[in-house]
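*Asks:* This is what each chain is made of:
Number of protein chains: 2
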Amino acid sequence: MIDFKPILKDIEPSKEEEEKVHNLADKLMEIINIAAQKEKITAEAVLLGSVAKNTWISSVDNGDNDLDIDIFIKFPLTTSPDNLKSLGLKLAKDCIEEADGVYEERYASHPYLTGTIQGYQVDLVPCYDIQHSRELKSAVDRTLLHTQYVMGNLKTGQEKEVRLLKRFMQMVGTYGSEFKVGGFSGYLCELLVIYYGSFLEVLQGAWDEWKPGIQIDLLDYGTADMFNEPLVVVDPTDGNRNVSAALTLQKMSEFVIAAGNFLKKPEKSYFYPKVIEYNQKDILEEFSQRETTSLILSFPAPNIPSDALHPQIRKTEKSLVKILETADFSVLGSDSWSNEGDVDENIGNKEDQVKRKEVVILLEMNTWSLPLYKKRNGPAIWDKGNTSKFLKKHPQSWIEGDQWKTLSEREYQDVDSLIHGILKSDGIRRLRVGKHLKKEILKNYGLRDVIDVLNVEDADKGLLEFLHHYLNKGEFLLR
Amino acid sequence: MIDFKPILKDIEPSKEEEEKVHNLADKLMEIINIAAQKEKITAEAVLLGSVAKNTWISSVDNGDNDLDIDIFIKFPLTTSPDNLKSLGLKLAKDCIEEADGVYEERYASHPYLTGTIQGYQVDLVPCYDIQHSRELKSAVDRTLLHTQYVMGNLKTGQEKEVRLLKRFMQMVGTYGSEFKVGGFSGYLCELLVIYYGSFLEVLQGAWDEWKPGIQIDLLDYGTADMFNEPLVVVDPTDGNRNVSAALTLQKMSEFVIAAGNFLKKPEKSYFYPKVIEYNQKDILEEFSQRETTSLILSFPAPNIPSDALHPQIRKTEKSLVKILETADFSVLGSDSWSNEGDVDENIGNKEDQVKRKEVVILLEMNTWSLPLYKKRNGPAIWDKGNTSKFLKKHPQSWIEGDQWKTLSEREYQDVDSLIHGILKSDGIRRLRVGKHLKKEILKNYGLRDVIDVLNVEDADKGLLEFLHHYLNKGEFLLR
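So the protein lines, in turn, are chains A and X. Position 275 of the first sequence, counted from 1, bears residue number 275 in the working numbering, the numbering being contiguous throughout. Position 330 of the second sequence, counted from 1, bears residue number 330 in the working numbering, the numbering being contiguous throughout.
Each hint should be verified, as a subset may be incorrect.
To be verified - Computed spacing ranges between beta-carbons, pair by pair: (1) X:PRO212 with A:THR326: 27 to 33 Å; (2) A:LEU372 with X:ASP10: 40 to 46 Å; (3) X:SER425 with A:THR326: 39 to 45 Å; (4) A:LEU218 with X:LYS392: 36 to 42 Å.
Stated by the list, open to error - Only part of the chain A face toward chain X is listed, based on derived beta-carbon distances under 7 Å: (5) LEU249; (6) SER253; (7) LYS265; (8) THR367; (9) LEU372; (10) ASP383; (11) GLY401; (12) GLY474; (13) PHE476.
The set of hints was computed from the structure by calculation and includes no laboratory data. Backbone N, C-alpha and C define an ideal beta-carbon position, used for all residues, glycine too.
Okay, chain A solo, but in the shape it has when bound (with noise of 0.2 Å):
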């Protein structure tokens, strides 16, 4: 096995790091203590997440940065929730203005601030004390179970473990809970961690064991199969909750191979970017060998939540090639690309990242023109009332066994004007698509082959890594 003490060392935090971030930490808090006190609410600040599960990886490189300073302010069941809401923002957001920070106002399933202070992202979130999954009130008082959970049963050491797993999770892309990934998120990978014992266990388990319902019930609740996601991880604070109900079979699958990759052959490499080898003349060459039709479609994303957006980018994506299916235009492959990235994080120069922000869904077609006619299956003929509507308006049908055929005109005989005809205002109820879309589709949208937007000198270097990685799906499982 390869040595993972320089990974470690890259990941890890160091004791400088670690000690400036449970400084901000400690004096944000003593500033929301001190202010509770003197206005007297009853109400205390408590660190959690994985700063206080001692399970963040250090920004290294450019890779995703975990980092994220979540305090909560823990406020008794007895208060209202307009209370809880009033007096948690005042608290945290004149903690955030004390701290000489910038912040704005967030909702997860009630309000909070995420500000940047010192660098540093930090959320400050009100929430209620409780003890128990049962007390829950709302989805974010959760986070005080889990880290208690986690603080509790993981063992010295373990921290490790954690961090090479999500940093294995990260660089082979299954990371991340969040509707644009459909992956594991922080808290399901201690959980295996706790489950299996290591990093190493954890990726000898999924590839050795893991298949579409497998059941993790580490509290032994014996409610597994309440659940029918692929992966059920039985939450060890709430016996009716599976963990792992974002991880889609997808993103499972992809963890198990990669896992099964590395255990074969380990490299230090799974630890750190890809480096993708990628130009714009081979990608091209590639498109063009392959003698299909690729179309792409752009238009500018709303300014939605990206956990909001993807799923809106997906369905119209699915929606279009089961029309263009229908319709007789094979279609060989397709994905979807936004680039705007994680934008509601970087505050500040907002205006400059809205105007940049636009969807890609691109469509690889086997068959793109057809001829005239298709054919039309009718009643069947015994079928009398049916018969005689149907024959007054195909009087060319014909009959096959003991039903109607005829041939009727395609009302689009070119894959570019099918899409130009749904994308216009009195075409585009036949596609799903979420309403945030539509309003932008049908206010400006662009259609051109994949070849031509190629030829154009120094193509857009976020377009040519979602063409390259179309082209090589699944090239970071494997190193």
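Given the structure of chain A, go ahead and fit chain X onto it with the hints provided.
*Replies:* Showing chain X alone in chain A's frame:
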């Protein structure tokens, strides 16, 4: 309703013709009976079939000639099959020779002679003298029982109704129980008239009552549920037999629709060949306008009986379509045709006929050229053994859900090369084709675009008719 008298005048034999046919039949039977007596063979000639039943159609115009003098030579049940064959055929041969006819030997369920005497087709068939279907030794023996039943149950005057029905069936294209047609036999027409009463009542009954599963059981055998063909007519001479077993759903449907068309707007023209107006230029234009690609595969017909040839042609056509569709070449329609006609019945200049016999399969394609790759399913990722084999072969695979997918190069990117590939000796095992056709195809076949065929001046008339009918299916059902 239209006046049927002038129609009957055209299709009923004249008194003179009737006399001539019966005189010929009597003479032939006499020859046989005298010879049998002389040679001490216990056998007796008897007139059966449509001449005996007086339901044959006179040869007006160029419609199908129904006239076929069926003389059966009955042997006692105690005769051995070998004796029946040798003695029966001897009596038959001697008879035709004595009557100055020409003949050839044929096989149905056992051998018989078919000959031409004084311009009439005569079948001389040795059979057993059975009284009941229980005694049946070969299928030809049934003819005796069928003729007796019809003669005993068709009322005077109903012969006219049978003749109208047969003629109507011929002219709308649903008459003939041989494989090539899959339609109604003469005996079935007679039973329908016995059951419903008249030509018009048969049409009305079919239009009002028929649906797949309809049962007609003249003698209340109660055995109709034994059969699952679309139309069940229990044989009055054998409760265990469905008279319309050979009727296809297609021909049953066509008859019902033609019946409905006639009843809604009765026209004399339903009893005469439809004058089909077509010309090469219009057919060419129609094919061009459809923007499909239509291929004509042609090869010499093997010299086998029509009833053996046509199922083989149809099977080959269906198999070809399936292979094309499986390879993602979408087929809009297909049809097959052979100019072999009823060659065997034109005794005489046989060599000439054989040379002209050809099989044609038409394939009209929605898609005739495809990109280089096709997406292929691999094993589920959980299936480790097959995964590792699959990835060795297809290293560029990716995961969708929990299944491996890969792009594999198509063996054939265009429909022509696929067909050429199949029709070679190392490809033809993929085709479900009878050995007789296979032999011919491997020797020689042509594959041409219908446009090229139609651009040649004066294309074959039979082929043009076939193409016209392909473009105008069901045209005979409505006048």
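*Asks:* All the hints need checking, so say for each whether the structure fits it.
*Replies:* Hint by hint, here is what the structure shows:
no. : hint                               : verdict
1   : X:PRO212 with A:THR326: 27 to 33 Å : holds, 29 Å
2   : A:LEU372 with X:ASP10: 40 to 46 Å  : holds, 43 Å
3   : X:SER425 with A:THR326: 39 to 45 Å : holds, 40 Å
4   : A:LEU218 with X:LYS392: 36 to 42 Å : holds, 38 Å
5   : LEU249                             : holds, 5 Å
6   : SER253                             : holds, 4 Å
7   : LYS265                             : violated, 13 Å
8   : THR367                             : holds, 6 Å
9   : LEU372                             : holds, 5 Å
10  : ASP383                             : violated, 10 Å
11  : GLY401                             : holds, 5 Å
12  : GLY474                             : holds, 4 Å
13  : PHE476                             : violated, 11 Å
Of the numbered hints stated above, those contradicted by the structure are hints 7, 10 and 13, listed in ascending order.
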